Amino acid sequence: MTELRELADLGQAVWLDYIRRSFIASGELQALIDQGVTGVTSNPTIFEKAIAGSTDYDDALPRLVDAGKNAEEIYEALVLEDIQQATDVLHPVYERTEGADGYVSLEASPKLAHDTEGTIAEAQYLFAALNRPNVMIKVPATPAGIPAIETLIGDGINVNVTLMFSLAQYEAVANAYIA
Numbered sequence: 001m002t003e004l005r006e007l008a009d010l011g012q013a014v015w016l017d018y019i020r021r022s023f024i025a026s027g028e029l030q031a032l033i034d035q036g037v038t039g040v041t042s043n044p045t046i047f048e049k050a051i052a053g054s055t056d057y058d059d060a061l062p063r064l065v066d067a068g069k070n071a072e073e074i075y076e077a078l079v080l081e082d083i084q085q086a087t088d089v090l091h092p093v094y095e096r097t098e099g100a101d102g103y104v105s106l107e108a109s110p111k112l113a114h115d116t117e118g119t120i121a122e123a124q125y126l127f128a129a130l131n132r133p134n135v136m137i138k139v140p141a142t143p144a145g146i147p148a149i150e151t152l153i154g155d156g157i158n159v160n161v162t163l164m165f166s167l168a169q170y171e172a173v174a175n176a177y178i179a
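Numbering (the numbering used here), first residue to last: 1 to 179.
No lab work stands behind these hints: they were computed from the structure.
Fair warning: there could be bad hints in the mix.
Derived DSS-like pairs (lysine-lysine); straight-line CA-CA distance at most 27 Å [claimed, not checked]:
#1 111 - 138
#2 138 - 69
#3 69 - 111
#4 49 - 138
#5 111 - 49
#6 49 - 69
Source: prediction; values computed, not measured.
Sequences are here, hints too, so could you generate the full structure?
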């Protein structure tokens, strides 16, 4: 039994804070899942490093540029594809745990951290575009994020709340969850 499996037996879920196309395609992600990893989280910095620091995306980039995509559209296309692939690899964990684990978390744009309606719109778009039951959308526990969290949970969108640093924020998030 691996140490990660022992942690799982104690009720802990170990998530990997890393994603990259070749990491998924090579089976490395699956190998970590086999050892006990039960989720993956991502953010724009992780993707920036993956795209700029590897050749994983060299085939896709010219195709997207030739299609007339701008930098934001290229980023989105690459991210959505990687997240879908990762959710597919983690889906058996999601099924085995009846939805308790097996998620991949994708951050709504940090530019929207103080924009409730913008956060809601982006989270709804990402959740629909990914079309996977085991994806979570990261939403910050900012004053604008709290009502977005309430709306998104009410819409059936899986939310991973971030940037929670105080008891007051925790209480606001808990109230948004049960509202």
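Do the hints match the structure? See the list:
1. Between residue 111 and residue 138, the direct Cα distance comes to roughly 13 Å. Compliance with the 27 Å bound is thereby established for this hinted pair.
2. The hinted pair formed by residue 138 and residue 69 meets the criterion: a straight-line CA distance of about 25 Å does not exceed 27 Å.
3. For the hint pairing residue 69 with residue 111, the CA-to-CA distance comes to about 20 Å; that is within 27 Å, so the pair holds.
4. As the CA atoms of residue 49 and residue 138 are separated by approximately 19 Å, the hinted pair is consistent with the 27 Å bound.
5. The straight-line distance between the Cα atoms of residue 111 and residue 49 is roughly 19 Å, inside the 27 Å bound, and the hint therefore holds.
6. For the hint linking residue 49 to residue 69, the alpha-carbon distance of about 20 Å falls within 27 Å, and the restraint holds.
Checked against the numbered hints above, the structure breaks none of them.
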